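2 protein chains.
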Amino acid sequence: MGCAPMGHILYDEVMRYNPKNPYWFNRDRFVLSAGHGCMLQYALLHLAGYDSVTEEDLKNFRQWESRTPGHPENFETPGIEVTTGPLGQGIANAVGLALAEKHLAARFNKPDMEIVDHYTYAILGDGCQMEGVSQEACSLAGHWGLGKLIAFYDDNHISIDGSTDIAFTEDVDKRFEALGWHVIWVKNGNNGYDEIRAAIREAKAVKDKPTLIKVTTTIGYGSPNKSNSYSVHGSALGAKEVEATRSNLGWPYEPFHVPEDVKKHWSRHTSEGAALESEWNSKFAEYVKKYSDEAAELKSIITGELPSGWEKALPTYTPESPGDATRNLSQQCLNALAIVLPGFLGGSADLASSNMTLLKMFGNFQKDTPEERNLRFGVREHGMGSICNGIALHSPGFIPYCATFFVFTDYMRASIRMAALSQAGVIFVMTHDSIGLGEDGPTHQPIEHLASFRAMPNVFMFRPADGTETAGAYRVAVLNKKTPSILALSRQKLPQLPGTSIEGVEKGGYIISDNSKGNNPDVILMGTGSELEIAAKAADDLRKDGKAVRVVSFVSWELFDAQSESYKESVLPADVTARVSIEAGTTFGWLKYVGCKGKAIGIDRFGASAPAGKIYKELGITKEAVIEAAKSLC
Amino acid sequence: MGCAPMGHILYDEVMRYNPKNPYWFNRDRFVLSAGHGCMLQYALLHLAGYDSVTEEDLKNFRQWESRTPGHPENFETPGIEVTTGPLGQGIANAVGLALAEKHLAARFNKPDMEIVDHYTYAILGDGCQMEGVSQEACSLAGHWGLGKLIAFYDDNHISIDGSTDIAFTEDVDKRFEALGWHVIWVKNGNNGYDEIRAAIREAKAVKDKPTLIKVTTTIGYGSPNKSNSYSVHGSALGAKEVEATRSNLGWPYEPFHVPEDVKKHWSRHTSEGAALESEWNSKFAEYVKKYSDEAAELKSIITGELPSGWEKALPTYTPESPGDATRNLSQQCLNALAIVLPGFLGGSADLASSNMTLLKMFGNFQKDTPEERNLRFGVREHGMGSICNGIALHSPGFIPYCATFFVFTDYMRASIRMAALSQAGVIFVMTHDSIGLGEDGPTHQPIEHLASFRAMPNVFMFRPADGTETAGAYRVAVLNKKTPSILALSRQKLPQLPGTSIEGVEKGGYIISDNSKGNNPDVILMGTGSELEIAAKAADDLRKDGKAVRVVSFVSWELFDAQSESYKESVLPADVTARVSIEAGTTFGWLKYVGCKGKAIGIDRFGASAPAGKIYKELGITKEAVIEAAKSLC
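These protein sequences, in sequence, are chains A and B. Each residue of the first sequence is one higher than the one before, counting from 1 in the UniProt record's numbering. Each residue of the second sequence is one higher than the one before, counting from 1 in the UniProt record's numbering.
Hints are computed from structural coordinates only; laboratory data are not their basis. Fair warning: this is a prediction, and the values are worked out from it, not measured in the lab. C-beta: ideal position from N, C-alpha, C; glycine also. There could be a bad hint or two in this list.
[As the list claims (entries may be wrong)] Covered stretches of chain B, as calculated for chain A (at least 3 residues, CB under 8 Å):
{"no.": "1", "segment": "136-142"}
{"no.": "2", "segment": "148-161"}
{"no.": "3", "segment": "177-186"}
[Stated by the list, open to error] Chain B stretches covered by chain A per the calculated footprint, using a threshold of three residues with CB under 8 Å from any CB of chain A:
{"no.": "4", "segment": "93-107"}
{"no.": "5", "segment": "449-463"}
{"no.": "6", "segment": "612-624"}
The shape of chain A in the complex, shown without the other chains (with noise of 0.2 Å):
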């Protein structure tokens, strides 16, 4: 209900969208990175003329299978930018969503022709601007200067348990100055209009640096008894004191009901926002035909079509092709894809020279050089994930990647998931994925890694073991916009492996080798990433002892858990037992493909400081284990 005032300026006086087509390119973005006052934003695009919200939905507010669920979902909600909720996310993706603006602005504006041209919006509370990702976020917008940036701090004094003067003290907007931000301070925000929009309109002037706008409210202003009150925040005012806040703010109306006059003033949007799209659809017909090859490139980032033929762009390898760490295979990938795939960008997390992330033909997306796509995230994980996020979902063309060490998945796991629930294709490069990585230690060893993210729905969990591999999920990640990928990659050099093929890796697992017959090897062994060599290399040595063995990659179980029973037994006939798996991680969730019978070899503890080689052998990670135990089941 503070809010109330900044949602009907931005919605009714200052967007540019076009309700009956919420997904126009050229539009304003909107964020409400406080997602638990969803009503206000479905209250505004519901009066604003999105089909989506309709009177209907705003009853079933919360409701199963409602369009207005508990917090705002961009894949429940056309209209709805991104999905926000946990707190600092939105904001962040905010950053993101300008980011891309500024990006496609400098590559794709021209002298006489500025064809990309919006600005984004959010609004914030207290929580957001406590939560460590919305500083890592706003030091990069500041650092970056994200001029059309426009965020609302919405500073009600007021959180979940109390007064934020029992945590949170600080002087927010000498930080944001600090982080190189624009100040604008609106006292009265209840109804302090004019200010408002005094304030947007300086926002605009300040072209080099985002804008915070502290707007001073009262948390739930207008009622009467509960106004500036921590019971407001997360629960209903109950139907006494919804009545006591109508009568007190004089409004007579029955609940939901929208009176003639208020819909006929908003009514003009939908004419409006049509007019807005149908001018921009003529400019840019123009621009096709004045510039016809950043056209075809703009057209696909909006449109999300692939340009025909990009899968030829990735490196293949054979057999006799150099052994190379993943990471540095992934590198190959990475700059093959960037000049095929126009909305292919990303960075790393301070770690470009180790995760191999540097793209070679283009220079750094900096404050004045906006069209580069290396971009560069300092140690800011958890911030570099949920702007990543916001690009994503900024276009559908848009595949941004990101990286740091595996292990540091930790410090962006809830941006990760967000890009699960939330459907944006967001590739995940993630380096020194094993004990292998060596001396640095237990911190940066992981461990449980490769499970918790095999637990988590909508996301691919990506191990591959070689080049092929690596350009398989690559091609995957790529094709499956509404899925993001998670690729962990080897510090270490390993083999190009016999066996390994693209079109096994979109079946997630698959055989590379077997010298069986009639699907009944005596033993079948099967490994990821790194640890498939060892496989194969234990299964030539059981094959000389006269063993039929089959040899398994498991690169995606997600994508072999969809496959076709027919496939599946296939692979894993339910006649042999005889399994073993090999993984340089937690043995956690390997029993449903080696069986009851089986064995997991695996390390269920924390790694350790050593070389790479030390550890595998003290941990068990190696040929002979496997042979032991394929010998102790068939």
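Model the placement of chain B on the given structure of chain A, informed by the hints.
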């Protein structure tokens, strides 16, 4: 190398410690938040006379089982207070250490006897500064006025990816001022020893604010060709450059050789340290005489010895006790424990009234009331976790707890992992543990979280079903100081179940009811938390149909897995393959208990916004589903 002057001055001139007893209670604490520079700390510990780092240890840097791993590990090397390496964790731990001191000083110091009185020092780098977790923790440090926290910011302008200018141009001094810190700038950190000394004096004089001493240094100072370059950030200098550096600095000695005069200079710390401790011991002996009650409490915090009979304080329940949400039952435990355990304190990330974590007999720990035990973290989950790790590692008798919604463990996963790795026995109180929270929808509903922590080493992941199991979980958590515990607790009301027991919880998985004979039921139903009731009800119905049904609670997988094979067989006989599990979360991992012929009922998708009962029904988490699965198996 740039940090050497700060380190030298701290260990040689400023800090009070006893090298022969690294655990002396009243020592100054030092945290190298920029943990990759740990060789400096090892060298200083060695010079200062700590037995934990011998010349041999220095030579075994980053080798298997050495006491000098690649990042500082408190559990490997006495003298290292906390495990650092993942950036930002150390400074947040330091905030916890300083909070612990301020709290104990306020509780136990007397006008005539200052028995608690130490400083907490930290060195952090640019990376720590960029991480959101450090912002969260430092905002709280300013809010709490932790005057005895003195942090050095090694401002060397270089990160792994090059100049910090590529991603980090915020005004750090101004930001810290905004956070309520005192800020001092030492412009010549390479050899400005006197400026560093003066800064420390100034910092100590400011008693109501933490101090940031920004020390501008040159990375790799002394190296003629590689100083001020990102190439020395994470990589060794190389033999040739080491030689050049030695020559440049006029250091003619062999590697690892400590010249006699240096040895002699540092040797005084052994006697001085012993004297410091002995002096304090005398003072404490007097304190014991004068203030015996306080002394007993403080002693329990110092030693970690639990007051005898503390377990009796835990509430008990019978099936006749009123049903309640486990988050409320948890609050009864928290309030009972805080009375009997002197080192028990904690709080929530702005959800105290939802997590039910307030200690009713205490006020809020604040700047002017630091003797109180309710910590108010604001919406800062990550900082909260890392601060609690610092508290836990300050003294063995501290038992900090911290709370948020279970889904937001995603925000603090790195700190939970650090608790597990560094053996910090924090209790993580995680409420709203499933779709049972209802309307807030999928951003707030955990799905994969139970599995993701079951996969993590050295964590107890509890999901208690009622009051008895909640009390049992707290009992195990308090008794296991080297293993952090996570309690997943319900928002919704649950009945007190017949058959649950504290002894059962200690075994992790146990039979709560059984009408079979000879360890041979027709079917075994298993569940956790709110779904154990569903399993119990399904059993009732199946028994009416004449089936012999066993119901098993799997409240903690880790504890069950640690039991003997015979115990496990007594709960899950190998011959009984008809098994059904039910849990309102991912089925990932359940195969371990349901076996290859069993069925796991769970949720392998994201949740939804709707009333809880509706979601349970729509997603099939029902008694009917259990009965159907059971009937299909037996």
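Checked hints:
no. : hint    : in the structure
1   : 136-142 : holds (count 4)
2   : 148-161 : holds (count 3)
3   : 177-186 : holds (count 4)
4   : 93-107  : violated (count 0)
5   : 449-463 : holds (count 7)
6   : 612-624 : holds (count 3)
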